[in-house]
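With these hints in hand, go ahead and build the complete structure from the sequences.
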Amino acid sequence: AQSVTQPDIHITVSEGASLELRCNYSYGATPYLFWYVQSPGQGLQLLLKYFSGDTLVQGIKGFEAEFKRSQSSFNLRKPSVHWSDAAEYFCAVGARGSGGSYIPTFGRGTSLIVHP
Amino acid sequence: DVKVTQSSRYLVKRTGEKVFLECVQDMDHENMFWYRQDPGLGLRLIYFSYDVKMKEKGDIPEGYSVSREKKERFSLILESASTNQTSMYLCASSLSGLAGNNEQFFGPGTRLTVL
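Protein chains in written order, with my numbering: chain G, 1 to 116; chain B, 1 to 115.
No lab work stands behind these hints: they were computed from the structure.
Please read all numbers here as calculations on a predicted model, not as lab measurements.
We put the CB at the ideal spot given by N, CA and C, even for glycine.
Treat the hints loosely; a few may be bogus.
As the list claims (entries may be wrong) - Residues from chain B that face chain G, not an exhaustive set, calculated with beta carbons under 8 Å:
| hint | residue |
| --- | --- |
| 1 | L41 |
| 2 | L43 |
| 3 | P108 |
What follows is the structure, encoded as structure tokens:
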């Protein structure tokens, strides 16, 4: 069965600083990988996804993530954090389930705190 | 603008009550999901459905059931609510994996409190 580990429960950065959120996955086949963001009081929104091809994936809001098969990682990065990036971030890995669809397994999330 | 809506943002129920949480999507998606979200535990899959009247158990189905009579609507049912079911419930939908796009679209969530 697939699994996702987000080692950092909380991350605190200063506005304007760079950001990296870690994600490690366990899955036997080629993974489908996702990063979602949840702002306070909101549902989750997709930031970016990796299915195949270029291992550096660009997403919305200036985020990017790099798939490293050798390290089973899919870390999320942003060069300069804005106060509005304060939110909960979830990494997910998709495994094929019934009907051919991919059923994501989510990590426990990393809470990003941004200091002015 | 694509949308997943949930019937209530906040709900307070008493132990033993039967509770219905409704979710509707307007994107003609085949797949629909129910998750519960608890601090420090992330999202845990309760049930999912990949077609009308088709459902499969997720990781934590105990104490829950679901119904999908129409493609756009997926209901989560707590047959006899208990205090340990106090949580945030998130509904999501996605296209079939055969379509190649597996992005999930989430509703805003229902915060259920069972007293």
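Checked hints:
no.: 1; hint: L41; verdict: 6 Å, holds
no.: 2; hint: L43; verdict: 4 Å, holds
no.: 3; hint: P108; verdict: 5 Å, holds
Violated hints are absent here; each numbered hint is respected by the structure.
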